[in-house]
Structures are given as structure tokens and as C-alpha cells.
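Trainee: The chain contents come next:
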Amino acid sequence: MYRIHHTECRLPDGIGSQLPAKRCYSPAVSAILQAIDIVKHFGATRVLRRASLSLLPGEAHALLGENGSGKSTLAKILCGIHASDGGRVELDGQPCHPDSPRAAAALGIGMVFQELSLAPHLTVLDNLFLGGEIRARGLWIDSDAQREAGRAVLARVGLRVDTDQTVATLSMAECQLLEIAKALLRAPRVLILDEPTARLGETEIVRLFDVLTELKRTGIAILYVTHHLREVRRICDRISLIRDGRIVATEAVTPATDERRLVELLTGGRAHVHQRARRTFRDAAPVLEIDDLRTGESEPISLTIRAGEVVGVYGVMGCGREALLRQVAGTMRSTSGSMRLGAAGYAPQSPRAALLRGVVYLCADRKEGGIFPNLSLRENYTTCALPTRWRGWFVRRRAERQLTLRGFKRLKVNFADIDQPITALSGGNQQKILFGRAAEARPTLFVLEDPTAGIDVGAKQDLYREITAATDAGAGCLWASSDIVETLSLCDRVYAMHGGRIVAELIDPDLDDEPALMSHVLGISNPGISNPGISKEGLHG
Amino acid sequence: MADRVQAMLLQRRPFRVSRADWGLPLVLVSIVCVTAWIEPRFLSVANLQNLLRQMAVLQILAAGQLFAVLAGGLDLSVGATMALAAVCGVSVMPSLGLAGGLATMTTVGCLVGVINGGFVVMFKVSPLIVTLGMLSIAKGLALLLSNGVPLYDVPDNLTALVGFGEFLTIPVSSWMAFAVMAICAVVLRTTVFGRRVYAIGSSRTAAYNSGLPVGLCTVAVYAISGLCAGIAAIVSTAWVSAAQPTAGDGLELQSLAAVVVGGVALTGGAGTVWQVLLGVLLLSLLSNALNMAGVSSFLQVVFVGAVILIAAVVDRLRSRATSR
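Same order as they appear, the protein sequences are chains F and P. The opening position of the first sequence corresponds to residue 1 in the numbering used here, with each subsequent residue numbered one higher. The opening position of the second sequence corresponds to residue 542 in the numbering used here, with each subsequent residue numbered one higher.
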């Protein structure tokens, strides 16, 4: 019943001796790691209700579920962060109870967390070996050995960075790959990945999957926790669906696997891909015009966003997208070129200056640069609205309450009490609140950086709907997502970026344009072209 | 799932009612009971008035300190600023009169705060370093202006009114201290500015990204802390009827200790004036009780330090118990 893709199965020492290689293909192959009837409560909430899962050597096993379904909790029990309240975990058929990530790592269970856990001020090398330093004569760190091992493992995940660079200088995607490298250093037999592609662009995802395929060949079992069905198809051998703390199905992934049915199993029948209505904006007034904008060494960029339009910028890591967004948002100064917002020139010194001109910014890092973790839902929601909507010194409590409740109803925020701390909500609900916070400022332009990273399908739908509503009311939207499907289905126009410049413009794109967009952002279609003029339907204007 | 999450959340206490809600008041009550049992004089009106007078300066300084801590920083210069403000105020009193002197005290305090905030914002220096430097500068200036000796030219009516006056048997200085705390509480709880202070302390990056005037608010926070030091200077001058250049020594740490013992997060973004009041009460009660019990004043210092450590550990254990 289990389908293992590869034709060759080399197992690491220890397993290989007990297990002839050919048994890899038989259904009787024994699991490396098994979770049996796991129960977990948080207070009165039952997060896991007798969830069972088994991981076979050399398989990538997808664990798919919406936010709050218990998938992260299950993963965290397997790697020793949480203790289960019932059931048992077996490693090679023997009961095992790792009580810390360190203990789990010693047992051969490695995990890459959704929230990255790197020390930003340390170097790449220091981070790799943090807690697992290679020692020379007991006390001292053997730098040479570390450097060598570090380079090898970085090469294995295809991360080309200097080992002495500090982690703070890396991009999100590079950090993600570094996390995986860090887990690989401990030579795990089981690797648990929680949403590994949440912040990766398409090429990095391809790279990651190459790495994972290679890991599978060495007999490592991979638990792949995700929201993305498409990724499951590409990399996973089996899939378990989790809903309300129960595994509702476990089956082999085949080309015949019906995604729609899986989605229905997961969500109870909500549609998966949002497709915007076709709209035309040739006559609409421009909201933002960017003319030959550049920072430092970057190439000049020009683009236009019209009223009511959702304009996507899509590109792989290092394409210059981040710098472009930051200049529009006011967190980075441009060195030359100009921007016009509405009728007047626009050169924001800070996000505040941008806000006062009607530009709001949602940064990709929700945890560090979005939420106010100590504050309540209500306070988080109204903080941006306060300076623009309310005059005077005092907060009008009742008006604030009403504003918040109205907003949450519209955004379909799942909450108990508007005075509860925001950290108690799932990522999707937090993101809805952040979007609502921005929208309450009644902006003329939204600048959204990876707004759907790591949030569940339902929350994404709600966000798409809200963005559509806001733009229908006349706002413009600069949309930068790492999700190509979402970008193509939501945006009215998409600029493809590569190597710091815009290489193409897709007008009214749909999912059929995916190959075209991919080749643009990978620089395949037009190598060495300096003129940003190649597009599907001609240039703008 | 959703309804169960809600059920779980409803079981939690409403937000920002501190975890240490009952712990600290219970400790305070037990200290009072034990001390009163050992030494009945403790509950005499005279001693309680004395206690309130002793508390007043720390109350005002700690209220200012709270702003700095809430915004994610701290102000080590409050004590020295208070001394400087007192010296400046008293030295101009002969020429400017009482009102001019008091105005000078608050202005000097505020000005020092603005400079602190300016450095923190403009040069992005850590508040610890900036206010540590300011501590030294302010203290040096206070010594310089006073030639290192207390200035005794304090008008008698100030001493009589603020220092020893009472209204409804409660000392006037205590009324002032409670008024300052009440105003701080109102500012933090009900104003847009107060909200921003919490937001900035909770996540500076998020506050910046969502377009809050982070720089302006930071300057305002340190200005308020300085202003409180100026007001504390009035109370302290009136009480000892002198401006002592060394009056503030150790108060910066005491005010910080009061804030922390009360359960305010040093990381910023969470805490209330009420918690600060509890912290001040704890430190002052303890000192008063130990005095009555005849414990050596050197040993008292050790006690206070132990209390701070215990409070920190208890707070840690509580937060571990409530967090999942």
C-alpha cells in the first residue's frame, strides 16, 4: 500500500543491518518513528485527540492541516518540546520520550521550526554549531573542523553564504536553509519540517526539494508539516490529514490523488484557489508612479499602480523586490529616481511619513515587525488607526470597541474576547488583524510583503476577499508574495523581477502564465537583457 | 476547534490584569500583620504618616521610571536629575522666589529628560548608556553648583506646607505623590500617547512599521521621567528643608527595583501604575518594618536585595505556570 518512489534505498548504519534494502518496497517495512494515540491538552482545550502517525525510512510524509488543527503540536511532541498527555511515541519499536529538543536530537529526531530560531548576532558558523560545538580537547572549539563540516553542510543545502557572515545579514530564505543545514549537522534519522517553504520563493523551494529528495535516498524519514497541497504532490510519498486534533486520513500520494477531495477533508468544503474577477484599469488614475528608482547599486525600477489595482511583484530571492517595497514603505531611502503618489511627489522618510500620505505597510516578519505581543487584540487593531482617524488626546473607549468588533466581524477573526492577548491567536488570525489595522487607516496604497506566509487556507481566502474589497473601494495595492499561484490569481498585473530589475510585465495573468512567469524570474527567457521591456502583452501605458 | 480555543481563552484572566495580582498584596498584608504583631507602634498614626512621607519621593520617581521601562528602555539618571533639579531650584529661589524655584526644578528635570530622549532617538544609543552618562553628568553638575554642600536657603513655608503639612491627616507630600501616580495612570490608560508607549515597548519595529511616531514618543517618555524627577525634587527639598547634591544617590536603582518588584516587565510593553505602587509599598514597608524591628540599616540593604531577587524568581515561576 505504500509507494516509495526511489529505486534505490541506502539506509544508514544501524537500520541497514536490521533491514534488507529490498524491504523498503514492501508494505511491511517497519516505521522509524511512530506516534500512537497521542493526546494533548492545553488547559481545557483538547488539541490532539488520539492522533497516530508513522514515519517510514526514506519517505517524506506530509502532515496537512489548517492552523489550529494540531499539526504543529503533534510535531512538537515528536521533537520533545511538548510532553504528551496520553499515548506513546516509539522509535524503532521502542518507547521513547524525548523531554527536550536536545534529547530528541540525541535520539536522531531533528526539527526545523516555523519560527526561525537563529541567533541573529552570531555568525553562520556559530549558529550551525550552537549547542553542538565540535570540541578540541574538551573545552575548546575546534574551529577548523567546524568550518569544514559547516561548509560541507551548507553546500548540501545549496546555501552560498560566507560562514563568518552574521545571520542578521541573511534574508529570510537563507535563514530557512540555514536552519535545515543546522538540523542536518546532527545527522538525524527523522527530520521534522514545520512549514519550510513559508518564506521561500520558487527557486529556493526547488532547491529545498532537491535536498529533501537526497535525504530520502539516504533513508531519512521526513515529516513535512504544511498548508500547501501542491508541495505535497511534488515531494511527499504519503500524506496524513489532520483536523481538530484527529488524523482524518492517511494515504499514499499518487498522480491520481484528488486535491479537491483532500481540501474538502481538511476544511469541510471551502474552495482552494481564489480567482479575481477580470478588471481593466487603463483609464484609472495612477496611485503610485515610480520612475527610475534605485538604491545604491540596484538597477533603476519604474512601475505604475492605478487606483483599484492589485499589482504583484514576483521574483526569487535577491531579485530586488524587498528593496523596492521598503522604499515605497519608507523604511529605506532611495539614492536616485522619483516617486509620485497621487498628484504630488513622494519620498517618505519613515513609515510614519508614508502613513500620513496614505501608504500602509505590512512587513513580512509578522512576529518581529507586525504584532505588538504584549497588547490585546483591540489595542493591536486600533494602533494604526488612532493617529489618522481619531483626533484629540484621549482614546474613546466605546468607539474603539465598536470599531474593533465591526472590523473583526468583517475580517472573520476567530477570537474569544477583544481584550485577550494577540499572541493567543493563530498566525492567520493575527495577520487578519494586522491587515485590518492597516485598512482602518483608510490608505490609498497598501504595501504588502508576504502577507499570506504561514497562514491557513481559510485565512488566506478572507485576506484575498478583504484586499479585493479595499481595492474595489479605490485603493491601490502593491503585492509581493512568494506564492506564485496566489500572485497570478489575485493580481491584476504582475511585474517579474530578476537581478534587481523588472524584466517583464504580465497583464491580467492567470495560472496558465505560471511557466512564463517562472522563466522570467529565473532569467531564462531573456538572459542579459538590460531593457525591462519583455512582456506578455507589451509594456504598460 | 474554534469554540474550544475560545473556551480555553475565556478561562484565562482578562488581559493586563497582572499575574501577580494577588501575590504581592498578600505579601504586603502579611508584612503589615507580622510587624504590627511584633511592634504595635507600627500601626500608630505617626508611623504611618512617616511611612507615607518616606514613600513619596520613591513613588514619584518610580512613576517616571515606569514610562521609560514601558517604552522598552530605562532611566538610570532619575536620582541624579532629582538632585540637580533641587540644587538648581533652591539656588535660584532667592532671586526668582518660591514659585520660580519650583518652576526651575520641574523645567530642569524635564530638560534633562529631553536630552536623554534626544540621544536615545537621534544617535540610537542604548538608554542604559545614555542615562548612565547622564547620571554622572547631572550628579557632577549638582556637586559643582552647590560646591558639594547642602543648600539650606529653602523657604520655611515650603517646608511647612509640603514637608510637614498634612491634609485629612495624610501628609501633603503623599497627596502630591498619589496625584502624580494618578495622572500617570490616566495618561497610560486613556490617552493615545499612553497607548503608543505600550506599543513601542511591545515591539519597536512593529510600531515603526505601522507608522507610529516612535522618536517623538521616546523623547516624551524620557521627558516625563525627568519631569517626575523634578517634582520629586520639590518633595525631597521640602522634606529635608535643604537641596542635597547627593540626595539622589541610589534612588535610580530603588525606583527601578520598585518597578520590577511590582511585576512590570523590564522588556517593556506591559505593566501598570498600580503594580509600581505595590512595588514602592513593598520596599518602603520593608524598610520601615525592619527599622522598627531594630535591624541594622546595613542588613536592611541586604534584605531589599534579597526581596528583589525573590520577586523576580516568583514572577518567573508564575509566568512559567500560566504560559503553555
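Keep in mind that the hints are not guaranteed to be accurate.
[Claimed, not checked] Capping the alpha-carbon separation at 20 Å, the derived lysine to any residue pairs in SDA-like fashion look like this:
| no. | chain 1 | residue 1 | chain 2 | residue 2 |
| --- | --- | --- | --- | --- |
| 1 | P | LYS665 | F | SER143 |
| 2 | P | LYS665 | F | GLY308 |
| 3 | P | LYS665 | F | MET332 |
| 4 | P | LYS665 | F | GLN349 |
| 5 | P | LYS680 | P | VAL690 |
| 6 | P | LYS665 | F | GLU368 |
| 7 | F | LYS367 | P | THR808 |
| 8 | F | LYS367 | P | THR746 |
No lab work stands behind these hints: they were computed from the structure.
Trainee: List, from low to high, the hint numbers that the structure doesn't satisfy.
Mentor: 1, 2
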